[in-house]
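A.B. asks: Line by line, the protein sequences give chains R, W and S.
Take the first sequence: its position 251, counting from 1, is numbered 251 in this note's numbering, and each next residue is one higher.
Take the second sequence: its position 98, counting from 1, is numbered 98 in this note's numbering, and each next residue is one higher.
Take the third sequence: its position 67, counting from 1, is numbered 67 in this note's numbering, and each next residue is one higher.
No wet-lab data here; the hints were simulated from the structure.
Mixed in with the good hints there might be a few duds.
[What the hints assert, rightly or not] Just some of the chain W residues that point at chain R, by a computed CB distance under 7 Å:
| id | residue |
| --- | --- |
| 1 | 8 |
| 2 | 15 |
| 3 | 19 |
| 4 | 85 |
| 5 | 96 |
| 6 | 109 |
| 7 | 112 |
| 8 | 123 |
| 9 | 125 |
| 10 | 202 |
| 11 | 239 |
| 12 | 240 |
[Stated by the list, open to error] Simulated crosslink set (DSS-like; lysine-lysine; CA at most 30 Å straight-line):
| id | chain 1 | residue 1 | chain 2 | residue 2 |
| --- | --- | --- | --- | --- |
| 13 | R | 27 | R | 76 |
| 14 | S | 115 | R | 290 |
| 15 | S | 196 | R | 217 |
| 16 | S | 121 | S | 144 |
| 17 | S | 115 | R | 76 |
| 18 | R | 217 | S | 142 |
| 19 | R | 217 | S | 119 |
| 20 | S | 196 | S | 115 |
Beta carbons are placed, not taken as given, at the ideal position from N, Cα and C, and that holds for glycine.
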Amino acid sequence: MRRFLLIAVPYLWLVALFLIPFLIVLKISLSDIALARPPYMPQLDLSAGWEGIRSFFAALDFENFRFLTTDDLYWKAYLSSLQIALISTLLTLLVGYPIAYAMARSAPEWRPTLLMLVILPFWTSFLIRVYAWMGILANEGLLNQFLLWLGVINEPLTILNTNTAVYIGIVYTYLPFMILPIYSALERMDDSLLEAAEDLGCSRMSAFWLVTIPLSKNGIIAGCFLVFIPVIGEFVIPSLLGGSGTLMIGKVLWEEFFSNRDWPVASAVAVILLLILVIPIILFQRNEQKQREAEG
Amino acid sequence: MRRFSWFNATALTLGFAFLYVPMIILVVYSFNESKLVTVWAGFSTQWYGELIRNEEFLNAAWVTIKVAVMSSTIATVLGTMAAYVLVRAGRFSGRTLFSGMIYAPLVMPEVITGLSLLLLFIGIGLDRGVLTIVLAHTTFSMCYVSVVVSSRLVSFDQSLEEAALDLGCSPFEAFRLVTLPIIAPAVISGWLLAFTLSLDDLVIASFTTGPSATTLPIKIFSAVRLGVSPEINALSTIMIAIVTVGVITASLVTKQAAVRQARDERMAERPA
Amino acid sequence: MAQTVFAPWEDPTEKPLIQFKNVTKRFGDFTAIDDLTQDIFEKEFFALLGPSGCGKTTMMRMLAGFEAQTEGQILIAGQDMARVPPNKRAVNMMFQSYALFPHLSVWDNIAFGLKREGKDKDKIAARVEEMLRLTRLSKFAKRKPHQISGGQRQRVALARSLAKAPKLLLLDEPLGALDKKLRQDTQFELMDIQEKTGTTFVIVTHDQEEAMTVASRVAVMDEGRIIQVSTPAQIYEAPNSVYVADFIGDVNIISGRAKPEGDKVAVRWAEHQPDIIGTTSLPFADGQEIHFAIRPEKVAISAEEPQDAANKIAGKVLDIAYLGNISTYHVELPTGHVIKAQTANTRRLSRRQITWEDPVWISWTDTAGVLLER
Numbered sequence: 001m002r003r004f005l006l007i008a009v010p011y012l013w014l015v016a017l018f019l020i021p022f023l024i025v026l027k028i029s030l031s032d033i034a035l036a037r038p039p040y041m042p043q044l045d046l047s048a049g050w051e052g053i054r055s056f057f058a059a060l061d062f063e064n065f066r067f068l069t070t071d072d073l074y075w076k077a078y079l080s081s082l083q084i085a086l087i088s089t090l091l092t093l094l095v096g097y098p099i100a101y102a103m104a105r106s107a108p109e110w111r112p113t114l115l116m117l118v119i120l121p122f123w124t125s126f127l128i129r130v131y132a133w134m135g136i137l138a139n140e141g142l143l144n145q146f147l148l149w150l151g152v153i154n155e156p157l158t159i160l161n162t163n164t165a166v167y168i169g170i171v172y173t174y175l176p177f178m179i180l181p182i183y184s185a186l187e188r189m190d191d192s193l194l195e196a197a198e199d200l201g202c203s204r205m206s207a208f209w210l211v212t213i214p215l216s217k218n219g220i221i222a223g224c225f226l227v228f229i230p231v232i233g234e235f236v237i238p239s240l241l242g243g244s245g246t247l248m249i250g251k252v253l254w255e256e257f258f259s260n261r262d263w264p265v266a267s268a269v270a271v272i273l274l275l276i277l278v279i280p281i282i283l284f285q286r287n288e289q290k291q292r293e294a295e296g
Numbered sequence: 001m002r003r004f005s006w007f008n009a010t011a012l013t014l015g016f017a018f019l020y021v022p023m024i025i026l027v028v029y030s031f032n033e034s035k036l037v038t039v040w041a042g043f044s045t046q047w048y049g050e051l052i053r054n055e056e057f058l059n060a061a062w063v064t065i066k067v068a069v070m071s072s073t074i075a076t077v078l079g080t081m082a083a084y085v086l087v088r089a090g091r092f093s094g095r096t097l098f099s100g101m102i103y104a105p106l107v108m109p110e111v112i113t114g115l116s117l118l119l120l121f122i123g124i125g126l127d128r129g130v131l132t133i134v135l136a137h138t139t140f141s142m143c144y145v146s147v148v149v150s151s152r153l154v155s156f157d158q159s160l161e162e163a164a165l166d167l168g169c170s171p172f173e174a175f176r177l178v179t180l181p182i183i184a185p186a187v188i189s190g191w192l193l194a195f196t197l198s199l200d201d202l203v204i205a206s207f208t209t210g211p212s213a214t215t216l217p218i219k220i221f222s223a224v225r226l227g228v229s230p231e232i233n234a235l236s237t238i239m240i241a242i243v244t245v246g247v248i249t250a251s252l253v254t255k256q257a258a259v260r261q262a263r264d265e266r267m268a269e270r271p272a
Numbered sequence: 001m002a003q004t005v006f007a008p009w010e011d012p013t014e015k016p017l018i019q020f021k022n023v024t025k026r027f028g029d030f031t032a033i034d035d036l037t038q039d040i041f042e043k044e045f046f047a048l049l050g051p052s053g054c055g056k057t058t059m060m061r062m063l064a065g066f067e068a069q070t071e072g073q074i075l076i077a078g079q080d081m082a083r084v085p086p087n088k089r090a091v092n093m094m095f096q097s098y099a100l101f102p103h104l105s106v107w108d109n110i111a112f113g114l115k116r117e118g119k120d121k122d123k124i125a126a127r128v129e130e131m132l133r134l135t136r137l138s139k140f141a142k143r144k145p146h147q148i149s150g151g152q153r154q155r156v157a158l159a160r161s162l163a164k165a166p167k168l169l170l171l172d173e174p175l176g177a178l179d180k181k182l183r184q185d186t187q188f189e190l191m192d193i194q195e196k197t198g199t200t201f202v203i204v205t206h207d208q209e210e211a212m213t214v215a216s217r218v219a220v221m222d223e224g225r226i227i228q229v230s231t232p233a234q235i236y237e238a239p240n241s242v243y244v245a246d247f248i249g250d251v252n253i254i255s256g257r258a259k260p261e262g263d264k265v266a267v268r269w270a271e272h273q274p275d276i277i278g279t280t281s282l283p284f285a286d287g288q289e290i291h292f293a294i295r296p297e298k299v300a301i302s303a304e305e306p307q308d309a310a311n312k313i314a315g316k317v318l319d320i321a322y323l324g325n326i327s328t329y330h331v332e333l334p335t336g337h338v339i340k341a342q343t344a345n346t347r348r349l350s351r352r353q354i355t356w357e358d359p360v361w362i363s364w365t366d367t368a369g370v371l372l373e374r
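Same shape as in the complex, but just chain R (with noise of 0.2 Å):
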């Protein structure tokens, strides 16, 4: 009894508010848009019995997912958004794997300290961190004061609201995500296989590619999905840092929620949006799992 009261209660409030949420989102996506409260139509009339539940059925149709194909701002959406996360994921690759290798090669009484300031910034608020670059990106900002005083330019650079700045900020906010799995992956290497390499004849420059690349390839695919997925579905960093012409699929289903109040299109764009994300969400679980069988 105690068993079945321990599984059912998670069990239940997920499926409440996890999974028929989903099926709501799924169900809406195929109704029409109507003036109305709620915004959309068909409605399920159970009190009309058998007959309710067949014209429900009947009502629904694809047309939202057309909609979706004609007007080119939808696939464009998807289209940047794919852009930007990849783009962005290898610039955080590149940022975060010297930050990570540079960990793991410290003495070791200072990784506990040096891993707390990666993680630190995760602990304060995605909001104010995104907010910071507000005033360092801006044209009359530090950035471009900064440069003016240098001599670099001699008008200030439009970063803010542009792609470059949305860059900016998803590397900034993602770092500890790519740092964290490929230091633990270079920190559980051991150091003799790479002295063994040495003593095999690589140099230091081969050594790094033939043993600690592929040693913590896993610690770098993890890392670029963990980057990866959740950007896809970024709003603040392209609503804060971004312009007019940053397209991204988060921002666009915000929008056609809170401003064009059509519900069964932003249910569409998420249903699509969520079909993007099963491929790399699949692939990372696989990765993940191969990893755990190899260390088990």
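Dock chains W and S against the given chain R, drawing on the hints supplied.
C.D. replies: Okay, now just chains W and S, sitting in the frame of chain R:
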């Protein structure tokens, strides 16, 4: 013997500068006299004063904390139960669905979680406000809690529980008297994680809130959309300070406990 | 003598392969190697033996090129190695942890060093196959390191370090991770492979039995110095110090004052006890401090007083350890000294005539023990 490496030193310096300089600038400019955030006009604490007098912010802060405490507490209970089910309950029908529902919210874009919950609340006619935000936050943060707790439970020596049962505990007593004290650090860090996630959340709260409840992130977001403001800098500074003090204290406490344990073990080794 | 014994260290015309010349290595304040001079010859199986922290691993890492000496000179085949990085040395090392690359198969691990030399594929493949045959690993070529047993991993590590046919192979506690039975088998395998390939082996170990079994010469180290270098038999039968005698095998040590008597030396070690008579080539002064060391198997034990023994002392049995092939008796003397005496159990289940608390006599000849200055 590791040699000092210029490459590593440079990577660490640049890396941590990148992580921390923006926050330091944010903090420094919160003490700026000028309304223009980018021009230094002398030291002043006036923005802190204005912040304290700003009732909207105070109300939002209060709502946020209320939501965070409630949701993280419920999430910790549910998440610990879920972790226990995942690690110890063995097979039951629907186990795959259950573990799928635990892991899916971790990778689900916030916009989708928010949208779906909102549609549910409207569908069942629940008035949106503090309650709906708490429900929403509990749902996604319980998944984080269960991941944290289950990773501790996996490395937990099951023979300890068996010993408790052998010595006459009921399963529930064994959990309360043996398992819980041992996994307590994981449960606490799960709670802390849930608490910060809730404090931090903008997107899901925006979807699931109503006119009666505005949380701090929603307030900050709407203020920040209009541009940089020194009041927000002051607010950010306070939040950064609280987090920094909290995290450093927590790590010192853990470290001290580890040092004490090491010392006790050394003492125990010594012949009496 | 019909057969020449392998002993290049006794031939003054022989050129050593490795020369340590007044080498000192310091890590900060800590002196790991202290003004050490030693030659090692081609085709030797040279063991560095000592407790952890004695500097044996540092010596080997200096040969591999992972550490540079603070002072002095290291030469390999007459060449000063000071500025030669590890990857440019004709020296390979077998690591204590084996350091097998977990992402590469057994085959690729063995081929790793060969590929770095840029040899052509056929030659590499031929050499890898040869090494696989030598170490009896052909069946496991495609496996990853975590898919084979500890003993097999040890052989992969050996094959990998031998693949480049180094002039010198360094082995860092090569058998430390194996269980005792496997270790004994592998010791003979190592000797066999060393002989087949004609490579010079330098092995680091803290296991004296292992060093005695495999090595042509053993260097016993302590605190950054070599205390004694000799063949295993010499080290065992003629240790030059109490430290070496005590480190290798089991030994009884009795300390006293020397009293030279012609070509023999008497050791006065206790009141009311006869002096111990021993022979030595070392000159001892009258009254000098002296240590008498004797192996338990050279001490005879009997219930009756032996007639014509050079040394005999009465005592009583404190303890008997039955080890199957031998029995060790702990005999307490009236002075409180406990002397170990060993007898071989050559007859099956012979009725033991000596048991606990029995009064017994222990005895030995005047050449059975060694007399040591320190």
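A.B. asks: If a hint holds in the structure, say so; if it doesn't, say that too.
C.D. replies: Hint check:
Checking residue 8 of chain W against chain R by beta carbon gives a least distance of about 4 Å; that is within 7 Å, so the hint holds. Evaluation of the residue 15 of chain W hint against chain R yields a held restraint, the C-beta minimum of about 4 Å falling below 7 Å. Among the interface hints, the one on residue 19 of chain W holds; its C-beta lies about 6 Å from the nearest C-beta in chain R, closer than the 7 Å criterion. With a cut of 7 Å, the hint placing residue 85 of chain W at the interface with chain R holds, because the nearest CB-to-CB distance is about 5 Å.
A least Cβ separation of about 12 Å between residue 96 of chain W and chain R goes past the 7 Å threshold, and the interface hint is therefore violated. Because the beta carbon of residue 109 of chain W sits about 2 Å from the nearest beta carbon in chain R, less than 7 Å, this interface hint is met. Satisfaction of the interface hint for residue 112 of chain W is found here, the shortest Cβ-Cβ separation to chain R being roughly 5 Å, below the 7 Å cut-off. The criterion of a C-beta within 7 Å of any C-beta in chain R is met by residue 123 of chain W, whose closest approach is roughly 6 Å, and the hint holds.
Because the closest C-beta pair between residue 125 of chain W and chain R is about 10 Å apart, greater than 7 Å, the hint is violated. With a least beta-carbon distance of about 6 Å to chain R, the hint placing residue 202 of chain W at the interface is held under the 7 Å criterion. Checking residue 239 of chain W against chain R by beta carbon gives a least distance of about 6 Å; that is within 7 Å, so the hint holds. The interface hint given for residue 240 of chain W holds, since its Cβ lies 5 Å from the closest Cβ of chain R, which is under the 7 Å cut-off.
For the suggested pair residue 27 of chain R and residue 76 of chain R, the alpha carbons sit about 25 Å apart, so the restraint of at most 30 Å is met. Between residue 115 of chain S and residue 290 of chain R the CA atoms are separated by roughly 29 Å; this keeps the pair inside 30 Å, and the hint holds. For the hint linking residue 196 of chain S to residue 217 of chain R, the alpha-carbon distance of about 40 Å lies beyond 30 Å, and the restraint is violated. Between residue 121 of chain S and residue 144 of chain S the alpha-carbon distance is near 21 Å, which keeps this suggested pair within the 30 Å criterion.
Between residue 115 of chain S and residue 76 of chain R the CA atoms are separated by roughly 48 Å; this puts the pair beyond 30 Å, and the hint is violated. Under the criterion of a C-alpha separation no larger than 30 Å, the hint pairing residue 217 of chain R with residue 142 of chain S is consistent with the structure, at around 21 Å. Our distance criterion of 30 Å between C-alpha atoms is met by residue 217 of chain R and residue 119 of chain S, whose separation comes to about 28 Å. Restraint check: the Cα-Cα separation between residue 196 of chain S and residue 115 of chain S comes to about 24 Å, which is no more than 30 Å; the hinted pair holds.
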